[in-house]
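Undergrad: Protein chains in written order, with this note's numbering: chain Y, 554 to 1017; chain G, 554 to 1017; chain A, 554 to 1017.
It should be emphasised that the hints constitute simulated quantities derived from the structure, not laboratory data. Treat the hints loosely; a few may be bogus.
Put simply, identical chains are the same to the list, so a pair is met inside one copy or across any two.
Distance condition first, Cα-Cα at most 30 Å in a straight line; then the derived DSS-like pairs of lysine-lysine [claimed, not checked]: (1) K782 x K643; (2) K643 x K1013; (3) K1013 x K639; (4) K782 x K581; (5) K1016 x K693; (6) K693 x K761; (7) K761 x K681; (8) K574 x K761; (9) K788 x K639; (10) K643 x K761; (11) K1013 x K681; (12) K681 x K788; (13) K1016 x K681; (14) K639 x K1016; (15) K788 x K574; (16) K581 x K693; (17) K788 x K1016; (18) K643 x K788; (19) K693 x K782; (20) K761 x K1013.
Source: prediction; values computed, not measured.
Each chain, written out:
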Amino acid sequence: MTLLHEDRLFPPDATTRAIAKRLYASVKCLPIVSPHGHTQAAWFAHNQPFPDPARLFVQPDHYVYRMLYSQGVSMDDLEIGVPELKNPRKVWRLFAEHYYLFRGTPTRLWLDYAFQELFGLTERLSAKNADHHYDVVAEKLRTPEFLPRALYERFHLEVLATTDSPLDSLNDHRIIRDSGWHGRILPTFRPDPVVDPDFAGFRDNVAKLGALASEETATWSGYLRAIEKTRARFKQLGCTATDHGHPSARTADLSQEEAASLYFAILSGAASADQRELFRAQMLTEMARMSVADGLVMQIHPGSFRNHNQQVYERYGRDTGADIPTPTDYVYALRPLLNRFGNEANLTIILFTLDESSYSRELAPLAGHYPCLRLGPPWWFFDSPEGMLRFREATTETAGFYNTVGFNDDTRAFLSIPARHDVARRMDCAFLARLVAEHRLDEEEAFEVVRDLAYNLVRKAYKL
Amino acid sequence: MTLLHEDRLFPPDATTRAIAKRLYASVKCLPIVSPHGHTQAAWFAHNQPFPDPARLFVQPDHYVYRMLYSQGVSMDDLEIGVPELKNPRKVWRLFAEHYYLFRGTPTRLWLDYAFQELFGLTERLSAKNADHHYDVVAEKLRTPEFLPRALYERFHLEVLATTDSPLDSLNDHRIIRDSGWHGRILPTFRPDPVVDPDFAGFRDNVAKLGALASEETATWSGYLRAIEKTRARFKQLGCTATDHGHPSARTADLSQEEAASLYFAILSGAASADQRELFRAQMLTEMARMSVADGLVMQIHPGSFRNHNQQVYERYGRDTGADIPTPTDYVYALRPLLNRFGNEANLTIILFTLDESSYSRELAPLAGHYPCLRLGPPWWFFDSPEGMLRFREATTETAGFYNTVGFNDDTRAFLSIPARHDVARRMDCAFLARLVAEHRLDEEEAFEVVRDLAYNLVRKAYKL
Amino acid sequence: MTLLHEDRLFPPDATTRAIAKRLYASVKCLPIVSPHGHTQAAWFAHNQPFPDPARLFVQPDHYVYRMLYSQGVSMDDLEIGVPELKNPRKVWRLFAEHYYLFRGTPTRLWLDYAFQELFGLTERLSAKNADHHYDVVAEKLRTPEFLPRALYERFHLEVLATTDSPLDSLNDHRIIRDSGWHGRILPTFRPDPVVDPDFAGFRDNVAKLGALASEETATWSGYLRAIEKTRARFKQLGCTATDHGHPSARTADLSQEEAASLYFAILSGAASADQRELFRAQMLTEMARMSVADGLVMQIHPGSFRNHNQQVYERYGRDTGADIPTPTDYVYALRPLLNRFGNEANLTIILFTLDESSYSRELAPLAGHYPCLRLGPPWWFFDSPEGMLRFREATTETAGFYNTVGFNDDTRAFLSIPARHDVARRMDCAFLARLVAEHRLDEEEAFEVVRDLAYNLVRKAYKL
């Protein structure tokens, strides 16, 4: 019995599958480059064992518990938001009992991969074997082979980027550097807390930013300098990219006078919703300006309606599975920024979407023209086999392969990293195998492309 | 010669097809549960023969005559809207002559199924054999085997829901109950005539509602009580669900004072379009409140621009093939209702769409989080092989199988019911077979899932 | 070695491929009907050799250089917008060096076809063989076999429509007619320069229109008469269709008084953006009115945000690869026109889109009802294998095959015409082969349908 078939995700047609297998064999063992995700530098700085199975697989993974919640499992019973689990085994049993809900989902692919490849479990998780699985995982987690740095090696990671607030001291990153460990853990500059007026504690955050950077953020120019200095601080620790999680992709190109006056309105706390949106829009253009200067690659992740479920938000907080995608415009939204910096040779902006209707209509046409634009991989709900196929089918004919940037695992779940990259590599092989089988691409070209998709493009796009 | 191949709709690849066939064999003969449709209780109450072939297959089926009309066939020649057909055979010949237009459409699949499986006709309908087909169908319709109750048995129906106005006496449902016949025909509460101010005769409808329920509908509270009592009347005859056909999915959560004052404006007949839309929005939330109390499952069918063709509407009336889908928002629209009742354990809301771009962007993420939400099957134009595949491909990875509710035939054409359920079962088998062939699901799991999709989920979701 | 496999674009599954091959064999050699495109009548009027390879393949083809530009190749180095290339060989080398960027794109399919079928080149273009390819192409272009009229024969063209301004004298079309050459080159009436107030030089254009037609365009009625007479002038030279490239599909149905007063506001140059959009909307309805009278088929191509890149526009002008699609509404937009003329037997309107989400939601339902509406083939970015599959998958089940109109090559690149039609025929065979293999269509019906799609429907829809 086995959870994972060696040919999983490859097309059933024998000819196409054989091509996919040949392609996959050539990239299966390439190092993993992970330029965007939400793992914690602290894990690698301190190299402590991961806690129990429930805290590893259930509590931090909103993919997992949103599904359980949708089927009536209580978030209290799952101990979501509880810092110290009272009964991790009970949580695990609830999870195991509902594991069938994940049939047909990528979560199931990732979890089965971790269970089998990391923990040697080959029977599908269920109520029946819940305790056995719990015990096996718990025991392994206490071994040195499962310490964060050991897993980094085992996963064949070449570089791993975290996502960090401008208010973060980056001490954990510094500890890693100073430790002499050769693992490459890089910070990513995510300025939302200091550029989004709707972010909790925005004004305090701006004040802290100024204090950390020794700049007077009461003025627009001081505020911009504080950001520039913080970006420089991140760069010193290896940061190559910024990340922007705005509700929309809107950008603006105000005069500096208008921007300064808008900034004062924002700082006063009396700005309207329109003004707050305009400020975020202007800040994306300011970030592009800084990127032209310092070379940091921009990532824009728009279009999520955060905390849609008010009761869940009030009780359990942010990032609890209640973020819902919305229709997202890029054509009008990005134009102010692009008209200012769209033809700059030194600028790279990687665009993501939660609105798949924009792939063929907006994103591929934009990336197939503007030299600064690249398409990020299918994101979040679309980090999945069907999502990846739809992405390639909808974007390749207009933007080609070379305006894309390889894969992002974007995960909080460290143990899912190899599984996620494996799914991405397999799906690219499946897509390319179809092109080869339909004589739209020579097989020898496909070998080159699949290596680019798995390894070369991400390093180039993120300057790694 | 035969119209239907036994392997129809299964993927051509031999491995995948073999899996699909095994899965299909396990669900082919399961009883049909039909929780949503537009058949008439009167048929089963009075059990009279269906009329001639044209009135059975052409006149009531807007799928059929919209296609003929689109290709220049006159609706007068088809005698659309004529209560007693003058020349049913002439109508039938027109239909037969244009039958090639249905190539590649689900209508063709349904009709061929009825022709072959019910009437034993195995040659494709055409101008050449029009009269022969007409005669065969007409003759069979006069036999006892083709009376409504006999067909109910033959179709292996377990339960069949109709869709009914709150002003309906439900006498036909009562006659069925009192007849001792064991067929299970249930009403569905569709309050559009009394909650949509744009519905023809709205104010009269509200007055009638009050009279029927012995409540004073001149007041907001009396109006709500009249609705509650009508729901109770429906429940007594086995009703388990409500259905709401609004232009949008907008909901609102006004205070009772605001709602009462809006209701007066509506009753005055002087309300603006915005107010009328707000009233519909508020009424969805009121319906959710009542559902929490009485347990009726809500169905929301938004997004159709009704009667788009003004000339056709004026001449031939409603439901004549000129309803056109529009872009439909769910994320913002449903939030007021969801913030009020979205976490209620006793509430089920089944969402439908005519805007497929919302499947992966809005509907699957919403249903994959909120415990009250389920996804209805692909609806109307998407009740088709490709539509069903796109639905599963776009929703399963985020919402799984268990946030969906099986199949609705949603038909006015009683004879198409077994064909429609057969297509749905085959397409689910085709989809699952691909998952199995690509090693994304074990075959033994697929057997469980396909039975859930064909039989168990619909009974659970609709409380049948 | 060969660039083109004889089975290219056919599904890999052996059964399905065999069906596709049989279908393709039946349409491969049918004449090409090209009812919409951007070739130049002057080529056929004067029958001069095409210039060098760079001016033939790179400079006029925004599909080609937008991709190069997106990857950092300078438009100056490509000599875009330069009337006489200084260094065509250098441009060609840049192109060859970046040819790998087109992997997976339709451009690559079209170019490889031209290289192999027209120039006998069977090695993939690259930096290595750039000069050789250049020399071979340049040499052939100087031979009589490569003169425009000879290529017209060789391509097996039956009719070829150009796209022409109402201000064009159509002298080249007249020269062709008078030359006795039997090739059928027809003009298409594209009135954008005189009906779109935002078109460069609009007011001068209107004045010229009046002068050419000997009508007083200072009045609304004179303006309309000038257009009617110009349409008649086009008809005399064989024109059967008009074409409308508006930013949106919006239509209006003003009273003639309102329209006249709007026209004055427009002519005054002081009209607002809303008024200009309303004027375009009204003019679509006027064009429909004229089409009911004179029988010209309307084509509507909405939804492109033209000249999105301001810097590129200012430096290199229009049509330089920076047009980006936008979300496009049809349901509300077309209603005024449809309510006026939607049921006219003598009207044909062919709808195109750059917003694929409208295929199943709006376009197929509209075309599956209104007798005047037909669906144009997948356009621009969607003139591609995946684009064609998505089009058929999303529209056939609702609109059938017979509300579509065959293929448009829509090209400025004369040499790509046979390649483009070949891709379209292959993809229709691939789609139909799947229907046959899945027993949704009989093979003998598929032979009829594929011939209709390749040849009959286009002639009927465009009245050719």
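Undergrad: Can you give me the call for K761 and K1013, within, between, both or neither, at a CA distance of at most 30 Å?
TA: neither (34 Å within a copy, 54 Å between copies)
Undergrad: Within a copy, between copies, both or neither: which one fits K643 and K1013 at a CA-CA cutoff of 30 Å?
TA: between (46 Å within a copy, 27 Å between copies)
Undergrad: Between copies, within a copy, both or neither: which fits K782 and K643 at Cα up to 30 Å?
TA: So K782 and K643 fail the 30 Å test inside a copy (48 Å) and across (44 Å) alike.
Undergrad: Can you give me the call for K643 and K788, within, between, both or neither, at a CA distance of at most 30 Å?
TA: neither (44 Å within a copy, 39 Å between copies)
Undergrad: Quick one: K681 to K788, C-alpha cut-off 30 Å, is that within a copy, between copies, both, or neither?
TA: neither (50 Å within a copy, 40 Å between copies)
Undergrad: Is it within, between, both, or neither for K693 and K761, if the alpha carbons may be no more than 30 Å apart?
TA: Answer is neither: 41 Å inside a copy and 70 Å across each miss the 30 Å cutoff.
Undergrad: Under a CA distance limit of 30 Å, which applies to K1016 and K681: within one copy, between copies, both, or neither?
TA: between (48 Å within a copy, 28 Å between copies)
Undergrad: Is it within, between, both, or neither for K788 and K574, if the alpha carbons may be no more than 30 Å apart?
TA: Cα proximity of K788 and K574: none, with 40 Å in one copy and 57 Å across.
Undergrad: Given a CA cutoff of 30 Å, do K1013 and K639 count as a within-copy pair, a between-copy pair, both, or neither?
TA: Neither: 46 Å inside a copy, 33 Å across copies.
Undergrad: When no copy is named, should K782 and K581 be tagged within, between, both, or neither for a Cα gap of at most 30 Å?
TA: neither (40 Å within a copy, 65 Å between copies)
Undergrad: Is it within, between, both or neither when you check K761 against K681 at 30 Å Cα-Cα?
TA: For K761 and K681, neither the intra-copy (52 Å) nor the inter-copy (57 Å) Cα distance is at most 30 Å.
Undergrad: Taking 30 Å as the upper bound on the Cα-Cα distance, should K639 and K1016 be classified as within, between, both, or neither?
TA: neither (44 Å within a copy, 36 Å between copies)
Checked against the numbered hints given earlier, this structure breaks hints 1, 3, 4, 5, 6, 7, 8, 9, 10, 12, 14, 15, 18, 19, 20; the rest are met.
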